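Asker: Here's the letter readout for the chains.
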Amino acid sequence: MFNAKKYFLVFIITVGVFLVAFLLSEFFYNTRISQVQSIETNINRNILETEIQYELLAEAACDTVDGATIQIEELNDLAKKLAYMEEQRGVDDTEVITLKKQYSLLQIKDYLLLKEKARRCGKKEPTILYFYSNKGGCVECTKEGFVLTDMRESYPNLHVYAFDYHIGLTAIETLKSIYNLREEFPIIVIDRKPIYGFKSRKDLEELIPDLGRPIASSTEDNVRR
Amino acid sequence: MIENAFVLFLLFLTTYFMVFLVVTFLEERKTLAISPTTPLLSFPTVTIIIPAWNEEKTLAGTVNSLLDLDYPKDRIQLFIVDDGSTDNTLAIAKEFERHANVRVFHKENGGKCTAMNLGISESTADLVGCLDADSFVEKNALIEIVRYLEDPEVMAVTPAVLIHAPDNPLRRMQSTEYIVGQFTRKIFARLNALYVTPGPFSIYRREVFTKIGPFVHGYGTEDMEMAMRMQANHMRIENAHTARIYTVCPRTPRTLYKQRVRWITGFLKNVFFHYRYLLFSPRFGNLGMLTIPFAFGSIFIALIFALLGIISLWAFIRDAYLQFTSVGLHPEFGWPHFDWFAISLDLKMILVYILGMTTVSFVYLGMRLAREGSFFSQNTLWFLALYGLIAPFWLARSLYNLITSKEARWR
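Chains as they are written, first to last, in our numbering: chain A, 1 to 225; chain B, 226 to 636.
No wet-lab data here; the hints were simulated from the structure. A quick note: this is a predicted structure, and the numbers were derived from the prediction, not measured. Misleading hints may appear alongside valid ones.
Examples of chain B residues lying across from chain A (beta carbon under 7 Å, computed) [said to hold, decoys possible]: (1) T240; (2) V248; (3) S569; (4) L570; (5) L572; (6) L576.
No more than 25 Å apart at the CA atoms, straight line, and that leaves these computed lysine to any residue pairs for SDA-like [said to hold, decoys possible]: (7) K101(A) to Y196(A); (8) K80(A) to I568(B); (9) K202(A) to L554(B).
Just so it is clear, CB atoms sit at the ideal spot from N, CA and C, and this is done for glycine as well.
All chains should be modelled from the sequences, with the hints used to inform the complete structure.
Answerer: The following block contains the structure:
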């Protein structure tokens with residue numbers, strides 16, 4: 001016997017299940033956004049604190065402040081979280097793009113702070129600026145991401161700043177014009193010199209002689225690709 | 226965007242079907258059990274046909290289990306039909322002729338349905354059943370089935386088919402699959418929407434065959450064809466979940482694949498070529514509106530999800546390969562670092578988790594209904610780990626067979 005009422009009731013329950021699933025997904029999404037925003041706020045505050053300390057202590061800051069290294073782990077953790085969100089929500093998700101923009105700005109601030117430290121203290125730390133593209137399925141960018149993650153794990157004093165070339169930030173556009181970058185991915189900038197195409201770990205080790213001794217490495221997928 | 230909406234639509238259909246089963250279970254949970262202490266009103270005469278084709282290894286066990294049934298011996302007859310075996314099957318069958326209620330028939334090989342039909346034509350009993358020669362019955366199975374046939378509306382009863390001695394991962398997987406199948410079969414029975422009367426020990430009123438005719442080949446699935454024909458003629462089929470039958474299931478991936486291709490191709494061809502009019506017809510109740518449309522559609526849905534799974538798996542393998550070619554192998558030691566961001570919690574995945582949990586609950590309920598197996602067992606783990614990976618292969622092949630109309634062989 002066909003009981004239309006039951007079919008309708010089941011339809012309503014199914015819509016209810018979808019609604020609950022939708023609300024749960026929105027709740028988790030918003031919680032994650034808040035968590036990422038909180039990390040970004042934290043990093044921003046740390047950078048600001050370090051900048052102020054530099055201003056207050058002037059030359060003495062070289063002995064007392066190690067601000068640039070404070071941010072590395074948090075930036076790496078943030079990168080990993082953003083990578084997961086981008087993978088799950090897609091590269092076009094507006095919230096994820098906003099968070100990535102904020103992340104990119106924090107990286108630039110950290111990079112500038114590092115340069116300031118080098119200028120004041122005369123101690124230059126090995127740094128890589130890495131530009132990748134999410135457009136056109138850049139396989140070499142994926143591979144470069146693995147190499148840079150691996151190197152960051154091996155060399156704790158290595159600073160890797162990864163930028164989405166097409167994210168649409170004025171600050172990134174400025175970096176592009178400073179280094180006169182072309183759209184050939186991946187792009188690595190070492191000592192203000194852009195290098196195009198995939199570079200292996202060995203290539204990079206040769207390009208940055210002052211990396212120091214590597215520690216036992218492990219891979220974590222946290223350099224943005 | 227369109228792809229996303231399409232996947233959500235498929236998830237909606239699957240969720241709708243699952244919710245329907247859950248709601249029916251909740252409605253019927255009190256009526257699901259028939260007290261085993263209820264005495265039978267009478268003992269109708271029964272003929273059990275055992276079609277056998279090269280079953281020398283298992284035939285004796287099957288017949289012995291039938292002889293051991295808890296049912297008056299003068300009310301039950303066993304017909305062993307040797308379907309042109311080339312091994313020792315006939316000789317083994319003849320040894321049982323010493324029992325007064327056993328008859329042996331020999332015929333040229335013509336397929337299971339011809340063996341069944343020979344038995345039916347020779348029977349004068351009230352009830353006629355079949356037991357494949359690789360299956361065994363529990364002592365109380367026939368009484369449990371006859372109990373349902375006391376309702377004059379019921380024209381056939383299916384048992385709880387379970388796996389005999391699962392001894393490897395593939396068989397363990399099938400063991401749990403059959404238990405889930407038993408749960409859904411019971412719910413379908415409550416909905417009067419069963420579309421298969423399985424070979425192992427489904428019992429029919431003999432008048433079924435006089436009214437709607439004997440078994441036909443049915444693309445190698447004569448039991449499905451018969452059930453669909455009965456439903457098309459508004460004959461009620463019940464399920465006796467307390468009548469437990471044990472069957473031997475395929476041991477290797479190849480034999481399992483062949484069996485499932487035969488079953489699913491048979492289902493698809495029977496529905497598509499002969500019983501299409503059942504689809505979405507309210508005249509045929511839940512069978513027409515729910516179980517057959519969903520069983521038909523679920524093959525497409527499962528294949529689409531399998532395709533999406535393959536795409537994700539491919540992306541994972543590609544990433545792992547790129548990582549290996551970029552930096553080599555870097556085994557990590559120590560506790561893995563858990564980051565809850567790594568778990569996908571979007572709408573689609575939450576629905577998949579809900580459907581997964583519902584399936585697991587069906588395993589549990591199936592075990593309780595059939596009083597078989599343990600939920601926390603290897604069998605459950607093998608089912609959860611393997612089934613989704615291998616089922617798409619036979620689904621894809623069956624769909625191909627439907628499209629190209631190639632018939633799957635019955636053995």
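Asker: Hint by hint, which ones does this structure get wrong, listed from lowest number up?
Answerer: Nothing - there is no hint that the structure violates, so all of them hold.
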